[in-house]
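J.: Each chain is listed here by its residues.
Number of protein chains: 2
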Amino acid sequence: MQLGKRKLQILQAVIDDYICSGEPVGSRTIAKKYGMGISPATIRNEMSDLEEMGYLHQPHTSAGRIPSDKAYRLYVDKLMKIRMLTAAEAEYIKNIYEQRTAEIEKVIEQVARVLSDITNYTSVVLGPQLNKVLIKHIQLIPVEGQYALLVVVTSAGIIKDTIIRVPADIDSGYLNRVSNMLTEHYRDKTFAEVDLNSIQDVQKEMIRQKEFFNSVVDALTESIAQKEQTEVYLGGTTNIFNFPEYRDIMKAKAFLSFMEQKNLLYSLLSKFDKKGVTVVIGTENEYEQMKECSIVMTTYSIGDKVLGTMGLIGPTRMEYSKAVSVVRYVGETVSKYLTSLFEE
Amino acid sequence: MQLGKRKLQILQAVIDDYICSGEPVGSRTIAKKYGMGISPATIRNEMSDLEEMGYLHQPHTSAGRIPSDKAYRLYVDKLMKIRMLTAAEAEYIKNIYEQRTAEIEKVIEQVARVLSDITNYTSVVLGPQLNKVLIKHIQLIPVEGQYALLVVVTSAGIIKDTIIRVPADIDSGYLNRVSNMLTEHYRDKTFAEVDLNSIQDVQKEMIRQKEFFNSVVDALTESIAQKEQTEVYLGGTTNIFNFPEYRDIMKAKAFLSFMEQKNLLYSLLSKFDKKGVTVVIGTENEYEQMKECSIVMTTYSIGDKVLGTMGLIGPTRMEYSKAVSVVRYVGETVSKYLTSLFEE
DNA sequence: TGTTAGCACTCTCAACCATCGAGTGCTAAT
DNA sequence: ATTAGCACTCGATGGTTGAGAGTGCTAACA
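Chains A and B are the protein sequences, given in the same order.
In terms of the numbering used here, the first sequence is residues 6 to 349.
In terms of the numbering used here, the second sequence is residues 6 to 349.
Because the hints were derived from the structure by calculation, they are not lab data.
These numbers were taken from a predicted model, which means no experiment stands behind them.
There's no promise every hint is true.
The list makes no distinction among identical chains, and a pair is therefore deemed to hold if it is satisfied within one copy or across any two copies.
Only pairs whose alpha carbons sit at most 16 Å apart, straight line, appear in this in silico EDC-like list of lysine to aspartate or glutamate [what the hints assert, rightly or not]:
| id | residue 1 | residue 2 |
| --- | --- | --- |
| 1 | K267 | E103 |
| 2 | K111 | E227 |
| 3 | K75 | E227 |
| 4 | K75 | E57 |
| 5 | K111 | E236 |
| 6 | K37 | E297 |
| 7 | K258 | E289 |
| 8 | K341 | E103 |
| 9 | K276 | E291 |
| 10 | K137 | E236 |
| 11 | K86 | E108 |
| 12 | K86 | D21 |
| 13 | K38 | D21 |
| 14 | K296 | E110 |
| 15 | K276 | E103 |
| 16 | K137 | D193 |
| 17 | K279 | E337 |
Required output: the full structure, derived from the provided sequences and hints.
T.: Rendered as structure tokens:
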């Protein structure tokens, strides 16, 4: 069977209506609201065809139709008209950059908040992934007692700080020399390149305090391992309650529990790192708990280095056109902002 | 009317039963389960008295009784037997300290997780409050381009880092000198003592780069203002779904929305800073949204300086004896651990 | 006088049933 | 090919009913 023009029109009408109402859509409704000069009976025939083709289904015999994931896929790829942002939305998004903070984590936090505020969906943003950035500076700072703070500054302005123990007989001059040496050695390398071999080289020069030096290396490698698991920022998790399909307490619980598991969210989002906006619909998703949700996401970057991922999660009947346009806009402007901050 | 011994026994039985069942308790139940050689009829009479005195109430005429907040108060203050931690619980709590991390935020994060895991309630932990700690070291670290990182190390091992702009003509030697000067000036002072007057003093010595120096001062004072609002760590927010009284979607939503508002949680917890465990029951609470919840909380400290607050939030019929013992134990051991780390 | 058995009464809850309405599929007419 | 008409299905709604849990009251009892 062919997907003729009229079938497409009807399909679009069903999707549009279902997205905003959440109720199964009947032939009469289509005829009345989206009337295109054909009677309900004709629409019924077409809908019956669409059902056979897998684009619609009925929750029970005497109910209207609901779009399938396949229908949403078609909708997102072909039917949907990309919607412009309203002036108010663009204005609201600008807030992110007006604080002019140079701390990338703060920016990301704002992004999560703004995304969920504007769309009323749940937002997820992955913090910058360390393996993509360059080391710019390494510094050991003495702290009260026998501790020192290991600070690594990167091209993305990210700071990883770890506290390490320092032998009593080491003075701050020595710490400075170590810092300079490390900086010289690892400047403009990625964390992935901080391997043990190159560390051996440095180590030769530092036999004097071998034990201490080892602990610095430990802290450095550990800090890499730890940051492999990036921070996950959430926004508007309780927005899910706005959707009638989550009136069911068990569903709401499943959703929120999933959102609490940061590692799942991480692996969910981190797997898509191509530019542009990616939409994952319902069962296309590999996690059982997300089979009734869709994700609209994009990446953000500094220059052309992809740093992380941001996205919106909502029911499959989400307003894709709004979600896509907002996500795209925020992704692009954040990238621009971060690039202007850290790349000159 | 007097609260005789038998009335107390009955009251305790009602509370115990209601805490674990969540269902109104009838006279028969009491007679059977907690049988103290009296008949249901007698118990009914006593319960009627207890109701008159405000300790019990009935949701409707032909239902069992439910303890009032006043009853819980009495229970917590007088009736409750403090329960010992089980070996497994104590073992589980030890996990917090075994990573031997010296980063206080990491410890706090663990505390939130462990508290909610053990008790199945929602845990809230306020991060360390900066106004209680002493400045130990201030350092400006050059970053790629025209930025520097302002790091403040305190007696609690807390690091506040802010990125500030640096004029192009400033070299790292100069940054070091500024750092040393600031450190010398503010060492062992609290953030509250970093007032503008004393900054004027320093400023005199730094006329050379007045503009730059101002931005450092700005960052410092701003970092104080910002950290006034401490981080709030949450654990087990979805545990609330385990309680039948939160089957109602609106209640669950109200609860979770409240938990999303970190500033409310902050003002809720930060107001109690006396040592020992504090229990706030239902309507004793000043926030409308918390009127059906109880909070069990304590403080944690380094030495005798109180740093922050940790607590458990659950329905008023929470297992106070368990909550109190766990919170007390965790609070004490965390304080010990932090003290051993940072105070010598 | 305090305690208890007995009983009538109240109230909730779950099950049941009838009804309503939205929506369909089919058929026959256009 | 389209459409009007109609019988049919199924979920939602609302009212009724009976069971069960629990009470308060009264009268008998130790």
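J.: Decide, hint by hint, whether the structure agrees.
T.: Do the hints match the structure? See the list:
1. Proximity of K267 and E103 under a CA criterion of 16 Å is satisfied in neither setting, with 29 Å inside one chain copy and 22 Å between copies.
2. Taking CA atoms no more than 16 Å apart as the test, K111 paired with E227 passes between copies only; the shortest distance there is 14 Å, against 24 Å inside one copy.
3. When the C-alpha separation of K75 and E227 is checked against a cutoff of 16 Å, the pair qualifies neither within a copy, at 44 Å, nor between copies, at 52 Å.
4. In the homo-oligomer, the alpha carbons of K75 and E57 lie at most 16 Å apart inside one protomer (12 Å), although the nearest pairing across protomers, at 63 Å, exceeds that limit.
5. When the C-alpha separation of K111 and E236 is checked against a cutoff of 16 Å, the pair qualifies both within a copy, at 12 Å, and between copies, at 13 Å.
6. Taking the shortest alpha-carbon separations for K37 and E297, neither the intra-copy value of 29 Å nor the inter-copy value of 48 Å comes in at or below 16 Å.
7. In this homomeric assembly, K258 and E289 never come within 16 Å of each other (Cα to Cα): the closest approach is 22 Å inside a single copy and 29 Å across copies.
8. In this assembly of identical chains, K341 and E103 lie within 16 Å of each other by CA distance solely inside one copy; the values are 14 Å within and 43 Å between copies.
9. Taking the shortest alpha-carbon separations for K276 and E291, only the intra-copy value of 11 Å comes in at or below 16 Å, while the best inter-copy value is 45 Å.
10. Only within a single protomer do K137 and E236 lie at most 16 Å apart by alpha-carbon distance; the minimum there is 15 Å, versus 28 Å between protomers.
11. When the C-alpha separation of K86 and E108 is checked against a cutoff of 16 Å, the pair qualifies neither within a copy, at 36 Å, nor between copies, at 50 Å.
12. Taking the shortest Cα distances, K86 and D21 sit within 16 Å of each other inside one copy (11 Å), while across copies they are farther apart (60 Å).
13. Proximity of K38 and D21 under a CA criterion of 16 Å is satisfied intra-copy only: 11 Å inside one chain copy versus 59 Å between copies.
14. In this homomeric assembly, K296 and E110 never come within 16 Å of each other (Cα to Cα): the closest approach is 30 Å inside a single copy and 35 Å across copies.
15. Taking identical chains as interchangeable, the C-alpha atoms of K276 and E103 are never at most 16 Å apart, the minima being 31 Å within one chain and 33 Å between chains.
16. In this homomeric assembly, K137 and D193 come within 16 Å of each other (Cα to Cα) only inside a single copy, at 11 Å, whereas the closest approach across copies is 39 Å.
17. When the C-alpha separation of K279 and E337 is checked against a cutoff of 16 Å, the pair qualifies only within one copy, where the shortest distance is 13 Å, while the shortest distance between copies is 49 Å.
Hint compliance for this structure: hints 1, 3, 6, 7, 11, 14, 15 are not met, and every other hint is.
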